[in-house]
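Asker: Residue strings, one per chain:
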Amino acid sequence: MLLRTKLFGETHEFADVKEVLAKANEEKSGDQQAGIAARSAAERVAARLVLAEIPLGVIRQNPAVPYDEDEVTRVIDDAVNETVFGEITGWTVGDFREWLLADTTTGDMIRRVSTALTGEMVAGVTKLMSNLDLIHAAGKIRVSAHCQNTIGLPGTLASRNQPNHPTDSVDGIRATIYEGLAYGSGDRVIGINPSDDSVGSVSRLLEMTYDVIQRWQIPTQNCLLAHVTTQMEAMRRGAPVGLVFQSLAGSQKAMEAFGVSVAMMDEAYAMAQKYCWTAGPNYMYFETGQGTALSADAHYGADQLVMEARIYGMAKRWKPFQVNTVVGFIGPEYLYDSVQITRAGLEDHFMGKLTGISMGCDACYTNHAKATQNDIENLAVLLSAAGCNYFMGVPMGDDAMLSYQCTSYHDAPSLRQTLGLRPLPEFEGWMEDLGLIKDGRLTARAGDASFFLQR
Amino acid sequence: MSTTNSPDLEAVVRAVLRELGVAGTEASGGPAGPGGAATAGAPSSGDLVIDLPDPTLPEARRALGVVDPVDPEGLRNLCATTTARLGVGRAGPRPRTASLLLFQADHGVTQDAIYGEVPEDVKARFDLFTVRTRAADRAEYLLRPDLGRLLSDEARATVAERCVHGPDVQICVGDGLSAAAIENNLADIYPVIVQGLRSAGLSIGTPFFIENCRVGVMNDVNRVVDAKLVLLLIGERPGLGIADAMSAYMGFHPEPGKTDAERDLICMITTHGGTNPLEAGAFVVDLVRKTLQHGASGVRLRELTATTS
Chain S
1 MLLRTKLFGE
11 THEFADVKEV
21 LAKANEEKSG
31 DQQAGIAARS
41 AAERVAARLV
51 LAEIPLGVIR
61 QNPAVPYDED
71 EVTRVIDDAV
81 NETVFGEITG
91 WTVGDFREWL
101 LADTTTGDMI
111 RRVSTALTGE
121 MVAGVTKLMS
131 NLDLIHAAGK
141 IRVSAHCQNT
151 IGLPGTLASR
161 NQPNHPTDSV
171 DGIRATIYEG
181 LAYGSGDRVI
191 GINPSDDSVG
201 SVSRLLEMTY
211 DVIQRWQIPT
221 QNCLLAHVTT
231 QMEAMRRGAP
241 VGLVFQSLAG
251 SQKAMEAFGV
261 SVAMMDEAYA
271 MAQKYCWTAG
281 PNYMYFETGQ
291 GTALSADAHY
301 GADQLVMEAR
311 IYGMAKRWKP
321 FQVNTVVGFI
331 GPEYLYDSVQ
341 ITRAGLEDHF
351 MGKLTGISMG
361 CDACYTNHAK
371 ATQNDIENLA
381 VLLSAAGCNY
391 FMGVPMGDDA
401 MLSYQCTSYH
411 DAPSLRQTLG
421 LRPLPEFEGW
431 MEDLGLIKDG
441 RLTARAGDAS
451 FFLQR
Chain G
1001 MSTTNSPDLE
1011 AVVRAVLREL
1021 GVAGTEASGG
1031 PAGPGGAATA
1041 GAPSSGDLVI
1051 DLPDPTLPEA
1061 RRALGVVDPV
1071 DPEGLRNLCA
1081 TTTARLGVGR
1091 AGPRPRTASL
1101 LLFQADHGVT
1111 QDAIYGEVPE
1121 DVKARFDLFT
1131 VRTRAADRAE
1141 YLLRPDLGRL
1151 LSDEARATVA
1161 ERCVHGPDVQ
1171 ICVGDGLSAA
1181 AIENNLADIY
1191 PVIVQGLRSA
1201 GLSIGTPFFI
1211 ENCRVGVMND
1221 VNRVVDAKLV
1231 LLLIGERPGL
1241 GIADAMSAYM
1251 GFHPEPGKTD
1261 AERDLICMIT
1271 THGGTNPLEA
1281 GAFVVDLVRK
1291 TLQHGASGVR
1301 LRELTATTS
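For the protein sequence lines, the chains are S and G, in the order given.
At position 431 of the first sequence the residue is numbered 431 (our numbering), and the sequence of numbers has no breaks.
At position 91 of the second sequence the residue is numbered 1091 (our numbering), and the sequence of numbers has no breaks.
So here's chain S without its partners, still in its complex pose (with noise of 0.2 Å):
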């Protein structure tokens, strides 16, 4: 394999599909950590020319980790449709690029590729494509889902209500999942970080939601983001659960990391369809975000983009009702500043749903990072104009346990009524008949958590 063009008269020359795509990586610390990052301007472009002229079929030989040596690459690679592989397989990434972008490639025709993908190939036409790309062909893609409601239809934003605790207190959860209900965020989920993973206590903050959710009769899921083996004892033991939470990384060493495998989700997503007390058919929830696979040493000289699309490859096999990047939380040695994680959350809204999952996005950032709340108010709007289904809701964007800023319960509304969004339509009809919302906008009883005291 030859891999080399000549970019102002200087020869510059890759060694193999890996480092072309590494290489033509938007700038990020974490690839720069890793080694892996192009070593100037020049030879960024140089590995994209390189890139544009690698058919799609090549990229497929070439996964980030061998097929033998690892379960997500047999995941993602045993799933592809080969009917309509063999149509797209002499494409190069360029063209694939102009294709995503022509007027006359539609969704459903997007949607249909996507079963042909790997991670690998999502991610090496992100690398060719502009933040307005990004927003432009995302924005040309739904992927909707059900469980006792229905996101990512067309002209809503979803906001998951995430009511943490430092210390799980359920009376304190309680009022804050109120204070967001009051603002009309929790469409998506009603979804707990618990600070204690133990089955007990994560039962508890279950059968709490689930007791809000009948009282109120609202329609949407409950979920504790416990390690799913805990989730999965809590079922066991009867208690009430929405939605089963696990974070993914892309490489099967890097799923180790985080104490999960295939073999695993599989056994998770089967108890949910068995005991979840939702209607489905989507019953899982899965977080992701650039640069999981490094932090666990376990992402092969790939980067950290790569790595991310190999997620949403796996994530597919479980028919996620939702997905979403973390995408600052990580921190500043793999985004450092609020340029890199602006680009990463388009790519990785880009990537979810090019692979063709309901994809969202926490656009967030700690406060080791070169970032404010200015900074992801952007992309909060970027994304909402590129069809994002959903964004987290925290009273003023500040996490009370998880030590980290994200969207406030203030921002979707805000969002809905800039950009002429809607909340999920079940959702949205109990907030018209309880009188929260009136023609889209909130009314004056809307933001006033002592609203649900009344029941």
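Derived by calculation from the structure, the hints in this document are not laboratory data.
Computed from a predicted structure; not experimentally measured.
We treat Cβ as the ideally placed atom computed from N, Cα and C, and that holds for glycine.
One or more hints might be untrue.
[As the list claims (entries may be wrong)] Covered stretches of chain S (chain G as the covering partner; in silico rule of three or more C-beta atoms under 8 Å from a C-beta of chain G):
| # | segment |
| --- | --- |
| 1 | 83-92 |
| 2 | 134-146 |
| 3 | 176-188 |
| 4 | 214-225 |
| 5 | 256-264 |
| 6 | 325-336 |
Assemble the complex: chain S is given as a structure, and chain G must be docked to it using the hints.
Answerer: Okay, now just chain G, sitting in the frame of chain S:
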């Protein structure tokens, strides 16, 4: 810094004062209630005085921003259940001015504080000597976590020379991303842990402090000390308004290649709305005993205790 009467500024001042429930806020020009907290001059007067109380004080933080709530007393009770920013109200769909500016203040102060160092007297109190990881400075520490997971050559030699070999429990303290976490909590949690481990009849190794420290350094430390269990008390990355949360990580016989899945963790140890350090010390002792009893930590320990309980 201008003393002219900007309408925007006045609106900010009025909003802040309204949040605080301070009397005389409608630009009356008169004194502003007890303590002379604030006075906003009338637009026509040339002697504007702005002298604001601190919006970060607990009572100011608890001020309700919701206009005409269904149940004011109930709302206050809801807000009292959590450190989350509840009851803030809204301006259209957006936050009100006072809560927006309080958020910006809280973010600002963590930005200013993140590069702190643990004072020598805090370490000296428990005879902790200091070693460093391979991260040369704070900037490299932030960008290269891999270097923060390895002891420097000098540190390795120092630990080998000064530490007891093969104890039941090796205690390490690391700055992590918040020196304030160690400064504010170590004096409370450390004696509880040491006392508890001694009562349990466990041998404790020679404790030390690690500068520019990441959690994974536990694996590297144990290559030198060969403890049954390594306990690392480390500063978490600062959250808004809580810049001093500590985590306690415990690993059974850590060694290179072991990950968080093989560790146990107690996080958010702080007196500012988390697990109290005294209480957390007791949890740590309990987890250490369980770990040594079952010979496993992390997911494996949870599996073992799930089947035996």
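Asker: Taking 8 Å as the Cβ threshold, is the statement that the segment 256-264 of chain S is covered by chain G upheld or broken by the three-residue rule?
Answerer: holds (count 4)
Asker: Can the segment 83-92 of chain S be counted as covered by chain G under the rule of three residues or more with Cβ-Cβ separation shorter than 8 Å?
Answerer: It is violated, with 0 qualifying residues against the three required.
Asker: Between the segment 214-225 of chain S and chain G, see if three or more residues pass the 8 Å beta-carbon test, and mark the coverage as holds or violated.
Answerer: n = 0 at 8 Å, threshold three: violated.
Asker: Mind checking, does the segment 325-336 of chain S have 3 or more residues with a CB under 8 Å from chain G?
Answerer: n = 4 at 8 Å, threshold three: holds.
Asker: For the segment 134-146 of chain S, count the residues whose Cβ lies under 8 Å from any Cβ of chain G; is that count three or more?
Answerer: violated (count 0)
Asker: Is the listed coverage of the segment 176-188 of chain S by chain G valid when you require three or more residues with a beta carbon under 8 Å from a beta carbon of that chain?
Answerer: With 4 residues close enough to chain G, the hint holds.
Checked against the numbered hints listed earlier, the structure breaks hints 1, 2, 4; every other hint is satisfied.
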